Amino acid sequence: MKERVREILSWYGSDNPGVLTNLARMLNHGRLGGTGKFVILPVDQGFEHGPARSFAANAPGYDPRYHFELGIAAGCNAYAAPLGFLEAGAAEFAGEIPLILKLNSSDSLLGGGDPCPAITGSVDEALRLGCVAIGYTIYPGSAFRNTMYEDLRELTEEAKAKGVAVVVWSYPRGGGLSKQGETAIDVAAYAAQIACQLGAHIVKVKPPTTHIEQDAAKKVYEKERIPIGTLAERVRHVVQSAFNGRRIVIFSGGEAKTDEAVFEEVRGIRDGGGSGSIIGRNSFQRPKDTAITFLHTVMDIYGGAIK
Amino acid sequence: MKERVREILSWYGSDNPGVLTNLARMLNHGRLGGTGKFVILPVDQGFEHGPARSFAANAPGYDPRYHFELGIAAGCNAYAAPLGFLEAGAAEFAGEIPLILKLNSSDSLLGGGDPCPAITGSVDEALRLGCVAIGYTIYPGSAFRNTMYEDLRELTEEAKAKGVAVVVWSYPRGGGLSKQGETAIDVAAYAAQIACQLGAHIVKVKPPTTHIEQDAAKKVYEKERIPIGTLAERVRHVVQSAFNGRRIVIFSGGEAKTDEAVFEEVRGIRDGGGSGSIIGRNSFQRPKDTAITFLHTVMDIYGGAIK
Amino acid sequence: MKERVREILSWYGSDNPGVLTNLARMLNHGRLGGTGKFVILPVDQGFEHGPARSFAANAPGYDPRYHFELGIAAGCNAYAAPLGFLEAGAAEFAGEIPLILKLNSSDSLLGGGDPCPAITGSVDEALRLGCVAIGYTIYPGSAFRNTMYEDLRELTEEAKAKGVAVVVWSYPRGGGLSKQGETAIDVAAYAAQIACQLGAHIVKVKPPTTHIEQDAAKKVYEKERIPIGTLAERVRHVVQSAFNGRRIVIFSGGEAKTDEAVFEEVRGIRDGGGSGSIIGRNSFQRPKDTAITFLHTVMDIYGGAIK
Amino acid sequence: MKERVREILSWYGSDNPGVLTNLARMLNHGRLGGTGKFVILPVDQGFEHGPARSFAANAPGYDPRYHFELGIAAGCNAYAAPLGFLEAGAAEFAGEIPLILKLNSSDSLLGGGDPCPAITGSVDEALRLGCVAIGYTIYPGSAFRNTMYEDLRELTEEAKAKGVAVVVWSYPRGGGLSKQGETAIDVAAYAAQIACQLGAHIVKVKPPTTHIEQDAAKKVYEKERIPIGTLAERVRHVVQSAFNGRRIVIFSGGEAKTDEAVFEEVRGIRDGGGSGSIIGRNSFQRPKDTAITFLHTVMDIYGGAIK
Amino acid sequence: MKERVREILSWYGSDNPGVLTNLARMLNHGRLGGTGKFVILPVDQGFEHGPARSFAANAPGYDPRYHFELGIAAGCNAYAAPLGFLEAGAAEFAGEIPLILKLNSSDSLLGGGDPCPAITGSVDEALRLGCVAIGYTIYPGSAFRNTMYEDLRELTEEAKAKGVAVVVWSYPRGGGLSKQGETAIDVAAYAAQIACQLGAHIVKVKPPTTHIEQDAAKKVYEKERIPIGTLAERVRHVVQSAFNGRRIVIFSGGEAKTDEAVFEEVRGIRDGGGSGSIIGRNSFQRPKDTAITFLHTVMDIYGGAIK
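Residue numbers (our numbering), protein chains in the order written: chain S, 19 to 325; chain Y, 19 to 325; chain G, 19 to 325; chain L, 19 to 325; chain Z, 19 to 325.
It should be emphasised that the hints constitute simulated quantities derived from the structure, not laboratory data. A quick note: this is a predicted structure, and the numbers were derived from the prediction, not measured. Check each hint, because a few of them may be wrong.
Pairs involving identical chains hold if they fit within one copy or between any two copies, as the list cannot separate such chains.
EDC-like, lysine to aspartate or glutamate: derived pairs with alpha carbons at most 20 Å apart [to be verified]:
| hint | residue 1 | residue 2 |
| --- | --- | --- |
| 1 | 275 | 169 |
| 2 | 275 | 242 |
| 3 | 236 | 66 |
| 4 | 180 | 169 |
| 5 | 325 | 175 |
| 6 | 275 | 21 |
Chain S extracted, bound-state conformation (with noise of 0.2 Å):
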């Protein structure tokens, strides 16, 4: 197994051992360690939706402390949140689990318009708080893209310098997109190639569909007859627009569904070519054990152990 790892980090080769060697601690860590996939837990939930929003359904989940014990106890390679979430456990759970400090936030008290979210954490912040990696969103489409390309550029240099791993939330959205553009397979497998050549190690993308958004792109994808039909299809594709597969692609959950839903999807990811998943709310807005008996079962199909 640790043969893949090293495989994966061969992968990296512009990188430092720092960076390496906090790429091979989220490889390495978790029920998943060595197989050379992932599942992350992320809450960012509190700030981006509010917290009755997020917490409300599992209250036990407004303490921080909830969300490091969950990460542990599921064998989560790591696990993501804003800096206050990361600040109140970090020092009690130090080493435990790989952590990965998101280094911008948007809240929805202000609707509409573009989005640009607020930078609310840096580089040396993830190293105060004992780090593996930075966590950006860039919001490709958005009339603010540029900015936040901008923004994350500079901490992704400063981190690579530092040691620090970089994973992207690749989100298209905005004034250039329609709605059904945002997880259009076009659009997903352009924001894929834009964090990769923006230097994330981690790219975080949203399954795609068979919708196909911008007509420049259509052309090709009937001309080259790239197959999307299958959900795996789908996220071959994205994959291969990862740097040919050399970049680690996992998959976000989006909203609250059925767990059978969730495990099917899974299963195109796998199949696909990804790299994992990355559940929030399907994870903490349930109780722990439940969590974790339905992480495991990700973690399983994944690891092969499920089909």
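Given the coordinates of chain S, work out where chains Y, G, L and Z should sit on it, guided by the hints.
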């Protein structure tokens, strides 16, 4: 009693001893010293509303030394003001009361528009003046919220590195909210959450009403039957939204009202688990001796000497 | 008399000996040296209004050396001007009169819009030229006020660290105010308060009228019966609004008027407790010998030699 | 042949040996090494147009290593790409082909408006990856041109100080120009001039047409009878506009077209004194062996082996 | 004659020996060396107007070396150009003519709007290239004037600290002015004053007309009967407006016109006390030998050899 201080400090496990020391200085100071409760004297109305509207009702308050004397005599945990007011007394009253330097302020000579205060101080100025903390106001819901969040982030990183505590006034206001929504329970809880996620040690919000502003939140409050009928219940929800009570949350008094109305509100805050009050106009816009009596009553409600 | 200088310096307890020394240099210089009163010569009209409008009436004033000579001969406490004007004489007249470098200026070639001066100097330039203070204009009520406040804040922090005093011209103007409101008593008092809160050592405002601009203020002035009938009363209120008289407040002369009108105004400022005047056009737009006679009369009113 | 390289280097008399060495590395590398001619492989289409539109036609191109291999096998003088693509091969192919890090890029998910690329790399990143040069695109005629010029200026100053060469893509586009005007002869010559004045060592422009965009220019072209009838004449005029031929000017290929059309264009560039071509889509959007044959033909036209 | 140079240097008493040395280098160089008069060759038209409009009339001018040779052969006091043009000859002609690096430039590919040039050089670049001065254009009357003033201020502070002289092109233009107003006598005098107040050592303005643009100024010109009937009188007024002649003021030639018209203008500048001319298009848009004859005539008018 010191046990409670130690317990509160244990919530801030990511902070250096410098920050813990300054938090302890506030927690251990004054009539409520050692109880874990706070009554803070804030005087930024001179900048926010102008001198006559702030001080004519009690003319000694034009003199910056008056507020130091009032805070000291009443036994407040701390005194918060902008640069000029603190400069005008910090040497004379050095070491007699913990000081909080307010780092941003708005004047009211230009009406309209979403709020965006000017930055009027710095962490180094706070250190120069012997302060234990910086204070900063954010306006979630304002079109300029991201500028405020990002400026606060930088100041917070610097303050924490230099051992200075961070107090955040989180006042929802702006184009994203109705007037009623500024004190809505969902918005107040969200405002507390945002301040905590941005790394605040102490959060100041307004006492919330039963109004629910956002539709997406309303569904959750109804579905999860979150109790918000009494002020104590609403305070409890806000405190829960501040990392399940693991951040200090204090409440502002707002405009002048009858003393009994204030005491009743304070009982609600106390019963809901709030950490205290920050009381400006109700304190310094009356003669000093009655102000002290008034503040002692508030403190005794928090301290338990008065039911 | 030196007693009065020491008393004034005692108001600035947060400042380092460098700043106190430079304040003392102005307080001890010239015909009013030691009285605690000020008459300052400011010459920024060349930048603000253009050369002919400023100097044609008294052509020797085109030469920057003229104003040094005038300030020295008249015994002014200090001479204030923009970079170019000070550079053109600072070496020749080194040490003969305290200098104030004006750090921002507006030209009048582009009309309309809320005012926002350009920054045209720096603290280090002030040091290079041997100045005792920097001067900076803020326009409360302008849409750009926050930019001015924040730039001033940075300059003030730097100046104080380097032992340089800070003189703030606080001139309400802009979309937030009516023309009449620019010199309204409530606005003038507010303008003084803002400058003090921003950390100014010396505040310059315009002599206020009996007009009250803001409704919220009007209620307070009426309720508290603040006396504003005479200029002396209004000056007293402005001085009170400047930290209860614990900041130096001086008044500008404005456009040229009859000498007797100026003297009458000066008597009002003196009787209201103002610290002095800053007189430009009435000084340098007439022949030097009559200017000196005129300035000596003003000084003697402040000094008490003339009733 | 080496004589020609020395001659070209003599044009750059203000540059330090570090820059000259890196220019020489490109001039001496590959099939055209020593001739003073260039064929550069640029692959920034993944970012600019998305992955499928760029690589589906020749799927191995999804893999960043493919382009290193293609550039090396074809004997290009250099390979240019954005951060992510270079990072994914710079270690594996270290020292095998001179690299140019593209420092700004635009994606095409948000249509409309004047172009303003995001900065996506830095001089220090170029050094980290072993590059010989930075690449930067300016869009003269865009409302954001000054931002691009000023960013380029800073990068250029840093690059030259650190011994890194500067390649500028100068592509007129934006509100100042008609579509036809983007490749007008007057505009192309002007674009070359601007890049040279900004300090570029190597300028890349598009092959110009006979259209003249600006009236003021038209008068001059007619009065001075500047010959622009053939591509060779137009190229000669552009080269003359690049400091009378004392800057390296290379031409882009643009959209895919027939090979013979490309070869004909290359002959025109060669005959007009252009220094070479930068050929992306015509190179990597076909199988590697035919791409190599194609590129060798281009090189041999430049090198003189083919008429 | 050297006496005159010492006298001029005495105007700059605030400057360090480095700046004085570089001013002296220009004052002592060329055919007018030692006379206190200047003829400067500026070549920024390639950037401002494009290459063909600038150089087609005299094709050798496409070569940057041509202008060094022209300036040297004609005995100009200095040669001014943007970065690229100076880089292309600074080593070859090192020490043969004082160089001025123009630090901002505009291209003319995007029409309309108030002018705001891009910054295209730096003080350190000027030092790298062996320049004696930086050049910078401000456009008083433009909506972006403050940006220009503030950028110039920073560059000026840096230049003076590093011993580099500052030449300011002060060209009123923009929404604040009518077309005729750009060269109005009141505006030209004001433009000279602004440049001086911003700290320029040498000011370049256009020859003014008898038009008076601003009403407030008109009253003064009439009341004070300022003589503006002849060019000499207007130049005298501009020179007086430049610190009563204690700053070097030179005049631009503008568009090509007959030689005799230029000579007549030069006589007016000389008789009004102007320090010289800066002549671009009239110099380099004709064959070199006639250009030299032309420039020598101009110089001899200034030097007194020709009436």
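Status of each hint after checking the structure:
| no. | hint | result |
| --- | --- | --- |
| 1 | 275 <-> 169 | neither (34 Å within a copy, 38 Å between copies) |
| 2 | 275 <-> 242 | between (34 Å within a copy, 18 Å between copies) |
| 3 | 236 <-> 66 | between (33 Å within a copy, 16 Å between copies) |
| 4 | 180 <-> 169 | within (17 Å within a copy, 24 Å between copies) |
| 5 | 325 <-> 175 | neither (40 Å within a copy, 47 Å between copies) |
| 6 | 275 <-> 21 | neither (35 Å within a copy, 45 Å between copies) |
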